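Trainee: Sequence:
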Amino acid sequence: MNSSFQDEIKSLYQIIIDTWNNRDAEGMAAQFAVQGVQIGFDGSKVIGREEILSHLEPIFENHPTAPFITKVKDIRALGAEAAILHAIAGMIPPEKTEIEPSVNAHQTLVAVKKNNAWQIELFQNTPAQFHGRPELVEQMTNELNQLIK
Numbered sequence: 001m002n003s004s005f006q007d008e009i010k011s012l013y014q015i016i017i018d019t020w021n022n023r024d025a026e027g028m029a030a031q032f033a034v035q036g037v038q039i040g041f042d043g044s045k046v047i048g049r050e051e052i053l054s055h056l057e058p059i060f061e062n063h064p065t066a067p068f069i070t071k072v073k074d075i076r077a078l079g080a081e082a083a084i085l086h087a088i089a090g091m092i093p094p095e096k097t098e099i100e101p102s103v104n105a106h107q108t109l110v111a112v113k114k115n116n117a118w119q120i121e122l123f124q125n126t127p128a129q130f131h132g133r134p135e136l137v138e139q140m141t142n143e144l145n146q147l148i149k
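Counting from 1, position 30 in the sequence shown corresponds to residue 30 in this note's numbering; the numbering is continuous, with no gaps.
Please keep in mind that the hints were generated in silico from the structure rather than gathered at the bench.
As the structure is a prediction and not an experimental result, all values here were calculated from the model.
Since no wrong hints were added, every one of them can be taken at face value.
Computed cross-link-like contacts, BS3-like style, restricted to lysine-lysine with a CA-CA straight-line distance of at most 25 angstroms:
#, residue 1, residue 2
1, 10, 114
2, 113, 73
3, 73, 10
Turn these sequences into a full structure, and let the hints guide you.
Mentor: Printed below as a string of structure tokens:
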């Protein structure tokens, strides 16, 4: 896979993170394919741009969402016009300065290229609590804390 391909996928992922961090429901929903799927940290599954938008708007309007701190771990081609990205993510709650380990997550993005533009077919945010293995939670938190500027 060439670096341009990886840069394009990483850029799409960064847009989704930036739109979350900027509480921009419309911008976030626009990155998805028409029938794209978003699976949230709590297991909520929403399908399609319109449903994603109506799911995100009240979240951003009614909750002080924490920004993501992320690190891309892997990007793989699934053909010439499809890719999967794996990342780890943490959040710094409002009024805090450090990552809250209880909301660490693995993020998975599946992207496809349609009409010469990359779109998200799936974005999934899965809790990374590593039940019974607190050292792995600590390791992930430490890795993410190194990214805080």
